[in-house]
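J.: Mapping to our numbering: the sequence shown position 108 is 108, numbers consecutive.
None of these hints come from the bench; they were simulated from the model. Careful, some of the hints might be misleading.
[Unchecked claim] With a cut-off of at most 20 angstroms between alpha-carbon atoms, the simulated SDA-like pairs for lysine to any residue come out as follows:
#1 K68 - Q87
#2 K43 - D109
#3 K89 - Y107
#4 K113 - A30
#5 K89 - K113
#6 K96 - Q57
#7 K125 - A47
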Amino acid sequence: MIASSLTAARRLARLLLVIVALAFAGTAFAAEPSDADIDRLLKASRAESLLAGMVPQMEAVQQQEFDKHFAGQEMTGEQKAEVARIQAKTQEIIRKALSWEQMRPVYLDVYKKTYTREDVRAISKFYESAAGQRMLDKNPALMQNIMSAVQQKMVPMLEELQAEIRNIPVTPPPPVSPPQKRRRTR
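All chains, full assembly: derive it from the sequences and hints.
T.: Here is the structure:
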């Protein structure tokens, strides 16, 4: 009886040892990528130029928002100058916040949290390949085609929703009576 308990304990100890060894082996294989590994990937994937391309798009969105906000409003020259100053300041903030100097550390941190060294090296190798470069070259057209397909799919759905909204009966709210004056009690 004691011998079988010792055998069971030894088996359990061996099992625990194997589990611990596998756990450590998993973390050894899942090494964090170095900054150099990530920089290689960022260069291969053209991350800096993609980021730089986002800035004009964000500025255009910002311009549209300003235009919508001030549409139809009569403004003095002074007010227009103030709006222009705020727009310029906003663009400056966007450019600074999305500059490569500001964003590179963010990329490094996020990639380290997301990918292993092995992942980063494999993805870099792909982007450095002819197929990876073609993918990067064709991604803008791919995204444009996807957006167009999504819009085509959404139009009938939105029209159907608008028809449903038009069919909702609208009843005016009940009239609001003015507040009653309170009488003072002593």
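J.: Now look at each hint and say whether the structure bears it out.
T.: Results for each hint:
1. A hinted pair counts as satisfied when its Cα atoms are at most 20 angstroms apart, and K68 with Q87 qualifies at roughly 13 angstroms.
2. The suggested pairing of K43 with D109 holds, with an alpha-carbon distance near 16 angstroms, which does not exceed 20 angstroms.
3. Distance hint between K89 and Y107 is unfulfilled; the C-alpha atoms sit about 25 angstroms from each other, more than 20 angstroms.
4. Of the pairs offered as hints, the one joining K113 and A30 holds, with about 11 angstroms between alpha carbons and a cut-off of 20 angstroms not exceeded.
5. Simply put, K89 and K113 have alpha-carbon atoms about 33 angstroms apart, too far for the 20 angstroms limit, and the pair is violated.
6. Our distance criterion of 20 angstroms between C-alpha atoms is met by K96 and Q57, whose separation comes to about 15 angstroms.
7. Under the criterion of a C-alpha separation no larger than 20 angstroms, the hint pairing K125 with A47 is consistent with the structure, at around 15 angstroms.
Of the numbered hints listed earlier, those contradicted by the structure are 3 and 5.
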